[in-house]
Amino acid sequence: MILEALSYAFMQKALIAGVAVGIICSFMGTFLVLRRYSLFGDGIAHVAFGGISVGLFLGVFPLWTAFIVSILGGLGLQKLRQSTKISGDAAVAVVLSSGFAVGVILVSASGGFSVDLFSFLFGSILLISDEDLIMILTISTGVIATLILLQKQFLHLTFNEEQAKLGGLQTTLLNYAFVILAAITVVTSFRLVGMLLISALVVIPNITAMMYGKGFKKTVGISLGISVFSVISGILVSYFFNVAASGTIVIIAVGILIGTLVLKSTGILRKVDIKTPSKITHNS
Amino acid sequence: MSVTSVLDVKDLTIKYANFPAVDNISFDVQQGDCLGIVGPNGAGKTTLFRAILGLQSFSGNIKLFGYDNSKYNSIIPLIGYVPQKVTFEPNFPATVSDVVSMGLISDKRIVKGAKLIQECGCCWNRIYQSIKKNDDKITQALHTVGLESLRDRRIGELSGGELQRVFIAKALVKDPLLLILDEPVASVDVESQTKFYNVIKTINEQNNITVIWSSHDLDAISKYANRVACMNKKLYFHGEKEKFFSDKELLKTYTESSMQMHMHDHNHDMH
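As given, the protein sequences belong to chains F and B, one line each in that order.
Going by my numbering, the first sequence opens with residue 65, and the numbers climb by one from there.
Going by my numbering, the second sequence opens with residue 14, and the numbers climb by one from there.
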């Protein structure tokens with residue numbers, strides 16, 4: 065049955081694209097979650113909706129305008145945090161609603177677009193074209209290479225920005241590189257899982273992986289494993305039961321999270337406190 | 014060859030909303046010094062360190078290794094700094110080894126800074142050598158602070174004293190020319206304090222790393238520092254420790270003002 069499913073070209077493309085997106089979302093997500101940018105994915109996906117609307121309104125390829133508008137949105141968000149001291153979640157809320165508002169206005173001004181906006185909201189992983197697949201693989205390769213290259217710098221920046229600056233890192237440039245990379249990751253991914261579910265792929269595998277109490281590399285590895293497993297099994301389950309792939313992927317990831325919590329509460333996993341709302345302040 | 018100071022502070026004033034946190038102080042630090050800075054809470058010690066590190070605007074002049082802040086990007090990576098507070102996510106997925114390795118990220122810039130100091134004919138006989146592999150450096154730094162056995166332990170699982178030594182190892186791993194420690198034993202038990210002071214003594218005497226540290230502990234200052242600076246916004250003393258500890262009037266004033274500050278903090282906490 066599985067072999068039959070895998071024999072279809074649309075399934076092959078969906079699985080390959082899904083794995084690529086799963087990898088970049090969870091890898092980038094490690095830093096986003098630790099930097100308290102968990103809703104960055106949501107924010108940028110909403111801005112990307114605005115960008116797509118701009119493209120459709122102007123009659124240019126909407127994905128390119130989505131990339132441009134999302135990167136500008138990410139940079140705006142960063143600037144908003146730095147220069148006005150607005151907290152991360154509030155800054156995301158401002159950018160999220162602004163981007164979405166632009167999209168809604170442009171859609172209404174055009175009397176509704178002919179394209180299927182529903183697919184942008186909830187994803188269309190089984191409708192990936194060859195061109196989409198090439199684009200996703202190319203961009204994912206670039207994102208993964210950049211993340212591997214800059215992972216130590218991003219780790220230091222995430223751990224403590226002031227210490228990173230004193231360590232000689234160009235923190236301002238790195239911050240901009242970080243949001244641009246995150247925006248590219250989100251726009252590349254959200255067509256597959258939808259703008260309403262993108263945050264799940266960024267956040268859930270990472271908070272699950274962090275419960276295992278490992279170091280950075282192992283945590284990233286566990287997160288990638290959970291993400292890729294959720295994507296592959298989600299696509300296959302959605303095919304067999306004829307349900308939405310994006311929702312199934314997210315539910316499987318949530319299932320792994322709940323399973324991990326159960327293992328942890330029964331003492332099978334090593335006890336590690338999850339205190340995401342507060343930070344440790346080490347008074348040396 | 015003339016000897017340039019590691020640190021030269023002249024007429025330094027730092028104000029917060031027109032109130033001076035540091036008021037017109039001048040002092041210098043020479044290579045190999047172990048300078049203990051004493052002063053009550055709110056005396057401006059942390060503010061002074063932040064200004065030295067380029068994190069705080071100020072009026073006056075600060076030179077590190079003979080250079081003013083226009084060369085800070087190259088000079089700062091040569092300094093190991095352990096702040097009074099390091100804030101991080103409790104669930105941060107990093108081991109002791111991960112955190113110490115963060116000190117090695119700016120390797121190229123450290124070499125650039127070291128070259129800058131040598132090319133300009135400053136004073137240094139010391140030549141920065143980056144021949145060890147990163148892993149060896151991490152092992153060495155952990156050995157210095159006595160934490161080899163905790164190398165793979167997650168940082169969220171460490172005690173306050175162990176964390177403090179991790180951050181010192183992170184500062185040491187890049188072979189700093191200057192180590193700045195802001196009240197490093199403020200919340201550490203007595204046994205860990207002794208270990209810490211022995212580490213500092215080794216770093217200073219055997220590795221010839223210049224150390225500046227702030228503390229309220231006059232006993233420790235008398236044992237481990239060779240020079241003392243006493244400040245409470247203004248600088249009241251700077252010189253050899255023997256001179257400081259022989260000045261009964263100064264010691265009495267310092268002890269009384271510290272006690273007053275302590276009582277004030279205590280009463281504030283009670284309310």
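Please note: incorrect hints may appear among the correct ones.
[Said to hold, decoys possible] With a straight-line Cα cutoff of 30 Å, these simulated DSBU-like cross-link-like pairs (lysine-lysine) come out:
| hint | chain 1 | residue 1 | chain 2 | residue 2 |
| --- | --- | --- | --- | --- |
| 1 | F | Lys282 | B | Lys98 |
| 2 | B | Lys28 | F | Lys229 |
| 3 | B | Lys247 | B | Lys265 |
| 4 | B | Lys214 | B | Lys254 |
| 5 | B | Lys236 | F | Lys229 |
| 6 | F | Lys149 | B | Lys265 |
| 7 | B | Lys254 | F | Lys143 |
| 8 | B | Lys265 | B | Lys214 |
| 9 | B | Lys236 | B | Lys23 |
| 10 | B | Lys214 | F | Lys143 |
| 11 | B | Lys84 | B | Lys256 |
| 12 | B | Lys84 | B | Lys28 |
| 13 | F | Lys229 | B | Lys76 |
| 14 | F | Lys229 | F | Lys149 |
| 15 | B | Lys84 | F | Lys229 |
| 16 | F | Lys229 | B | Lys246 |
| 17 | B | Lys214 | F | Lys278 |
| 18 | F | Lys143 | B | Lys98 |
| 19 | F | Lys149 | B | Lys98 |
| 20 | F | Lys216 | B | Lys98 |
[As the list claims (entries may be wrong)] A few chain F residues that face chain B, going by a derived Cβ cut-off under 7 Å, partial list only:
| hint | residue |
| --- | --- |
| 21 | Leu98 |
| 22 | Ser193 |
| 23 | His220 |
| 24 | Asn224 |
| 25 | Leu230 |
| 26 | Gly232 |
| 27 | Met274 |
| 28 | Gly279 |
| 29 | Phe280 |
| 30 | Phe305 |
| 31 | Ala308 |
Simulated from the structure, these hints should not be mistaken for lab results.
For clarity, every value in this text was computed on a predicted model and none was experimentally measured.
Don't be surprised by glycine CBs; every beta carbon is placed ideally from N, CA and C.
Right, here's what the structure says about each hint:
Restraint check: the Cα-Cα separation between lysine 282(F) and lysine 98(B) comes to about 27 Å, which is no more than 30 Å; the hinted pair holds. A distance of roughly 23 Å separates the Cα atoms of lysine 28(B) and lysine 229(F); the hinted pair therefore holds under the 30 Å criterion. Taking the CA atoms of lysine 247(B) and lysine 265(B), the gap is near 17 Å; set against the 30 Å cutoff, the hint holds. Restraint check: the Cα-Cα separation between lysine 214(B) and lysine 254(B) comes to about 15 Å, which is no more than 30 Å; the hinted pair holds.
Distance restraint check for lysine 236(B) and lysine 229(F): the Cα-Cα separation of roughly 33 Å exceeds the 30 Å cut-off, and the hinted pair is therefore not satisfied. Restraint check for lysine 149(F) and lysine 265(B): not satisfied, since their Cα atoms lie roughly 44 Å apart, outside the 30 Å limit. For the proposed pair lysine 254(B) and lysine 143(F), the alpha carbon gap of about 48 Å is over 30 Å, so the pair is violated. Between the alpha carbons of lysine 265(B) and lysine 214(B) the distance comes to roughly 27 Å, so the proposed pair stays at or under 30 Å and holds.
At most 30 Å may separate the alpha-carbon atoms for a hinted pair to count; lysine 236(B) and lysine 23(B) meet this at roughly 28 Å. This hinted pair does not check out: lysine 214(B) and lysine 143(F) have alpha carbons roughly 44 Å apart, beyond 30 Å. A distance of roughly 35 Å separates the Cα atoms of lysine 84(B) and lysine 256(B); the hinted pair therefore is violated under the 30 Å criterion. Restraint check for lysine 84(B) and lysine 28(B): the C-alpha separation of about 24 Å stays at or below 30 Å, so the hint holds.
This hinted pair checks out: lysine 229(F) and lysine 76(B) have alpha carbons roughly 19 Å apart, not beyond 30 Å. This hinted pair checks out: lysine 229(F) and lysine 149(F) have alpha carbons roughly 18 Å apart, not beyond 30 Å. A C-alpha spacing of about 14 Å is found between lysine 84(B) and lysine 229(F), which places the hinted pair at or below 30 Å, so the restraint holds. For the given pair, lysine 229(F) sits about 27 Å from lysine 246(B) by alpha-carbon distance, which is consistent with the 30 Å threshold.
Taking the CA atoms of lysine 214(B) and lysine 278(F), the gap is about 34 Å. The hint is violated against a cut of 30 Å. Only pairs whose Cα atoms come within 30 Å are accepted, and lysine 143(F) paired with lysine 98(B) is accepted, the gap being roughly 26 Å. The straight-line distance between the Cα atoms of lysine 149(F) and lysine 98(B) is roughly 21 Å, inside the 30 Å bound, and the hint therefore holds. Distance hint between lysine 216(F) and lysine 98(B) is fulfilled; the C-alpha atoms sit about 22 Å from each other, no more than 30 Å.
At about 6 Å, the closest approach between the beta carbon of leucine 98(F) and any beta carbon in chain B falls short of 7 Å, and the interface hint on this residue holds. The beta carbon of serine 193(F) comes no nearer than 37 Å to any beta carbon in chain B, farther than 7 Å, and the hint placing it at the interface is violated. Here the hint on histidine 220(F) is kept, as its CB sits about 4 Å from the closest CB of chain B, short of 7 Å. At about 6 Å, the closest approach between the beta carbon of asparagine 224(F) and any beta carbon in chain B falls short of 7 Å, and the interface hint on this residue holds.
Using the Cβ-Cβ criterion of 7 Å, the hint placing leucine 230(F) at the interface with chain B is satisfied: the shortest such distance is roughly 5 Å. Because the closest C-beta pair between glycine 232(F) and chain B is about 3 Å apart, less than 7 Å, the hint holds. Checking methionine 274(F) against chain B: minimum C-beta separation of about 5 Å stays under 7 Å; hint holds. With a cut of 7 Å, the hint placing glycine 279(F) at the interface with chain B holds, because the nearest CB-to-CB distance is about 4 Å.
Satisfaction of the interface hint for phenylalanine 280(F) is found here, the shortest Cβ-Cβ separation to chain B being roughly 5 Å, below the 7 Å cut-off. A distance limit of 7 Å between C-beta atoms decides the matter here; for phenylalanine 305(F) the minimum to chain B is near 35 Å, and the interface restraint is violated. Residue-level restraint check for alanine 308(F) is violated (minimum Cβ-Cβ distance to chain B is 32 Å; threshold 7 Å).
The structure is inconsistent with the numbered hints 5, 6, 7, 10, 11, 17, 22, 30 and 31, although it conforms to all the rest.
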